[in-house]
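Please put together the full structure from these sequences, using the hints given.
Each protein sequence line maps, in turn, to chains A and B.
So for the first sequence, the working numbering puts the first residue at 185; every next one is plus one.
So for the second sequence, the working numbering puts the first residue at 33; every next one is plus one.
Keep in mind the hints are simulated off the structure, nothing from the lab.
Note that the structure is a prediction, hence the values are computed from the model and not measured.
Each residue gets a CB set at the ideal place from its N, CA and C atoms; glycine is no exception.
Below 30 Å or equal to it, Euclidean Cα-Cα: the simulated DSS-like pairs (lysine-lysine) are:
(1) Lys757(A) - Lys771(A)
(2) Lys734(A) - Lys80(B)
(3) Lys757(A) - Lys75(B)
(4) Lys98(B) - Lys653(A)
(5) Lys80(B) - Lys792(A)
(6) Lys98(B) - Lys604(A)
(7) Lys792(A) - Lys777(A)
(8) Lys792(A) - Lys98(B)
Where chain A lies over chain B, by a calculated footprint (3+ residues, C-beta under 8 Å):
(9) 39-47
(10) 59-65
(11) 69-82
(12) 87-98
(13) 198-206
Estimated spans, in silico, between C-beta atoms of each pair:
(14) Glu54(B) - Met586(A): 39 to 45 Å
(15) Glu461(A) - Gly140(B): 47 to 53 Å
(16) Gln756(A) - Ala48(B): 49 to 55 Å
(17) Ala48(B) - Asp632(A): 38 to 44 Å
(18) Ile466(A) - Tyr203(B): 37 to 43 Å
(19) Ser222(A) - Glu41(B): 40 to 46 Å
(20) Glu204(B) - Asn441(A): 37 to 43 Å
(21) Ala48(B) - Glu754(A): 49 to 55 Å
(22) Leu308(A) - Glu54(B): 53 to 59 Å
(23) Glu204(B) - Leu539(A): 27 to 33 Å
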Amino acid sequence: MVLLQISEPGQSPQPHQRKNAVGIDLGTTNSLVAVVRSGMPETIAGQSGDHILPSVVHYAAQGVDAVGQEAVGFNVSDPLNTISSVKRLMGRGINDVLMLGDQFPYTFQQIDEGMPKIDTVHGLISPVQVSAEILRTLVNLAEQSLDVMLDGAVITVPAYFDEAQRQATKDAATLAGVKVLRLLNEPTAAAIAYGLDAEHEGIVAIYDLGGGTFDISILQLTRGVFEVLATGGDSALGGDDLDHAIAQWLRVQSGMNESLNPMEQRILLEAAKAAKEELTEIDQVNVAILEWEGSLTRSVMNGLIDDLVARTIRSCRRTMRDAGISVDEIQNVVLVGGSTRNPLVREQVAKFFGLQPMCSLDPDSVVALGAAIQADILVGNKSAGDMLLLDVIPLSLGIETMGGLTEKIIHRNATIPVSKAQDFTTFKDGQTAMVIHVLQGDRELVDDCRSLAKFELRGIPPMVAGAAKIRVTYQVDADGLLNVTARELTSNVESRIEVKPSYGLGETEITKMLQDSFSYARDDMQARALREQQVEADRMVEDLSTALVKDATSLLSEEESQCLNLAITELQKLRLETTEHRVLARKIEAVGKISETFAARRMDASIKSALAGQSLDDIERG
Amino acid sequence: MNTSNDCFEIFSIPIAWDVDIEGLQVRYRALQKEFHPDRYADKSDAQKRLAVQTAAIINQAFGTLKSPLLRAQYLLERSGVSADQESYITTDSGFLMQQIELREALAGVTSADKPWAALERLRSTVETTYENLQSEFQQFYSAEKFDSAFNTVAKMQFFNKLLQEVEQLEYELEDL
Numbered sequence: 185m186v187l188l189q190i191s192e193p194g195q196s197p198q199p200h201q202r203k204n205a206v207g208i209d210l211g212t213t214n215s216l217v218a219v220v221r222s223g224m225p226e227t228i229a230g231q232s233g234d235h236i237l238p239s240v241v242h243y244a245a246q247g248v249d250a251v252g253q254e255a256v257g258f259n260v261s262d263p264l265n266t267i268s269s270v271k272r273l274m275g276r277g278i279n280d281v282l283m284l285g286d287q288f289p290y291t292f293q294q295i296d297e298g299m300p301k302i303d304t305v306h307g308l309i310s311p312v313q314v315s316a317e318i319l320r321t322l323v324n325l326a327e328q329s330l331d332v333m334l335d336g337a338v339i340t341v342p343a344y345f346d347e348a349q350r351q352a353t354k355d356a357a358t359l360a361g362v363k364v365l366r367l368l369n370e371p372t373a374a375a376i377a378y379g380l381d382a383e384h385e386g387i388v389a390i391y392d393l394g395g396g397t398f399d400i401s402i403l404q405l406t407r408g409v410f411e412v413l414a415t416g417g418d419s420a421l422g423g424d425d426l427d428h429a430i431a432q433w434l435r436v437q438s439g440m441n442e443s444l445n446p447m448e449q450r451i452l453l454e455a456a457k458a459a460k461e462e463l464t465e466i467d468q469v470n471v472a473i474l475e476w477e478g479s480l481t482r483s484v485m486n487g488l489i490d491d492l493v494a495r496t497i498r499s500c501r502r503t504m505r506d507a508g509i510s511v512d513e514i515q516n517v518v519l520v521g522g523s524t525r526n527p528l529v530r531e532q533v534a535k536f537f538g539l540q541p542m543c544s545l546d547p548d549s550v551v552a553l554g555a556a557i558q559a560d561i562l563v564g565n566k567s568a569g570d571m572l573l574l575d576v577i578p579l580s581l582g583i584e585t586m587g588g589l590t591e592k593i594i595h596r597n598a599t600i601p602v603s604k605a606q607d608f609t610t611f612k613d614g615q616t617a618m619v620i621h622v623l624q625g626d627r628e629l630v631d632d633c634r635s636l637a638k639f640e641l642r643g644i645p646p647m648v649a650g651a652a653k654i655r656v657t658y659q660v661d662a663d664g665l666l667n668v669t670a671r672e673l674t675s676n677v678e679s680r681i682e683v684k685p686s687y688g689l690g691e692t693e694i695t696k697m698l699q700d701s702f703s704y705a706r707d708d709m710q711a712r713a714l715r716e717q718q719v720e721a722d723r724m725v726e727d728l729s730t731a732l733v734k735d736a737t738s739l740l741s742e743e744e745s746q747c748l749n750l751a752i753t754e755l756q757k758l759r760l761e762t763t764e765h766r767v768l769a770r771k772i773e774a775v776g777k778i779s780e781t782f783a784a785r786r787m788d789a790s791i792k793s794a795l796a797g798q799s800l801d802d803i804e805r806g
Numbered sequence: 033m034n035t036s037n038d039c040f041e042i043f044s045i046p047i048a049w050d051v052d053i054e055g056l057q058v059r060y061r062a063l064q065k066e067f068h069p070d071r072y073a074d075k076s077d078a079q080k081r082l083a084v085q086t087a088a089i090i091n092q093a094f095g096t097l098k099s100p101l102l103r104a105q106y107l108l109e110r111s112g113v114s115a116d117q118e119s120y121i122t123t124d125s126g127f128l129m130q131q132i133e134l135r136e137a138l139a140g141v142t143s144a145d146k147p148w149a150a151l152e153r154l155r156s157t158v159e160t161t162y163e164n165l166q167s168e169f170q171q172f173y174s175a176e177k178f179d180s181a182f183n184t185v186a187k188m189q190f191f192n193k194l195l196q197e198v199e200q201l202e203y204e205l206e207d208l
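Here you go:
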């Protein structure tokens, strides 16, 4: 039951408008959208009544002509233009794609350094665009079903997704016109959905085997705080790989030769997938492929996939070691992802942890449900109460040093947000520029790590080798996205970049795609952009005014607070007058700059006073 | 953001080598409940950016106090002793011998008859010595013998590195 809120007498009630935010599970095989209604999260069904949208997009010559179940219908008849499992291509380079072998029937084109594009009848399509189509479909579905405009979405990603994969996901949201409230790790979302915060304390393992990715996360739950101790996995191992192992066996059994055409590949894969799914219930299935007929038993299937399952268990062992946890300390194991329906997977997980795993929620929808709960809190509908998520980065972030070696700056499993600085110096006399090569991975050699970005710090004043002091700062935000700055300390020359991964899309490329996207008329885009800036302006005015009332006397000089008051008035005026979103955005930025010092002083003062003089008992009582 | 925030002051605990880690965790969570960017999701972008920085400072301070090595270095720094041990050259020949022996043991693990047992023996030696060095540091530090404390921290750094290498080796053994 929803209780109506009544404010305390004398305190003006906030004109609190309910905001609309959804949770989106953008999966390899299936995607879902969920929302909190009347306090409970629920998945939203499409017109056909299905809650699950297959992550499949079909392209015809004039553009996208089907998304979801409808597109699945083209899988066999038009395999080259029916794009599925695109999540496996997000943020990946051509070499990663080639490593997946013949899993994809598509023709890839490598245009520049970025992600390879898929050659379709509609032209070259980036995996980001395909994901954007899926996101757009889910958002439309939600907006129609709820009859509102969405204010934002929490989009889930595998915990083991690296920087490039996260950035690609965020880019897809930008393309789809969705405001991302947070990229949330899938296992964490699952833990929220299970309501593990409320009654559980202790250590939980989340085993998430999806269509294309495997994640294992170890979480510590303490009074509503979800603290990820360590996360591990394999962003290229999932149910798809089980299908391929089975398909490979079927190919040999049915006497098909190795070079299959795309249609035969599809037929084999579909047969493998169907057999795998049936074998979760029964011990033997009959399989027919073209003229061949045969049968597959569960024990033969287990033999085909046991190596893959063993790989996931090995990841579990490593991640527990990273977390400094032994198996007997784990109190609950939660299964997430459609592939955890597989009996061998369940058996091996139960055996390893010595526990019967929790699987009372549908493994397909649990992630979307958790994301919806978090979206509802972030958008401000529900007080977060005691709930807090403390997530980690899955892979170390480093920098290239002399001799092709990687120097780690932020270690894996560091709690985010995190910021670390390290000083470097010049190698040659008179050196005036320096290349900063940003890497992700845990190996020593640069070549074994993923290259995220390369940029140059120029304008270093000429000095003898070793005299310059270059401070490189890595900052990872709560979405797990990295920002790198470099500064020469003796001269203060600065170079700042938002790391755009080498495999990502450029800003101009995104803008162009947005403009090309026919579902976005230019006017629409302008209107949406203006609306976003207006909301931002209102927020800023509200934040600043409240802050001034509270802290102006203690933290600002007379002159400083006059200056800020003037800035607020100007912003309010412009907010009402202008229809140009860029003009408003510039003003917001300017006011932000003016108020930076004040904000920093406030934060500083509040950090210092937050716990001052409090005993442990005081804190625990809250 | 003022980066001169004192780690101990942030958590409002006494400046000392001894830190009650469980209590620190309680304080850490209470702080993050207030300052984590998720608490600022509906605020202006400027506020959000500040929240990211603040939460990062809290995380870093927590990390510093949790780790014996980082905490020791931080305490020395606070006392005005440069804690950069990279320039440290030990003249303690006993310590050097011990390092050489341990490094040889590390290199020999993979080819040992029972590599896992050899690894565990090595780990326990390294861990014990590391712990002894920590109590040594505590004694020097509380007696304000900062030069000796400095030398001990340099040794701790060697052992911390060894421990990491033992861990790395464990991963490699598993892959064999």
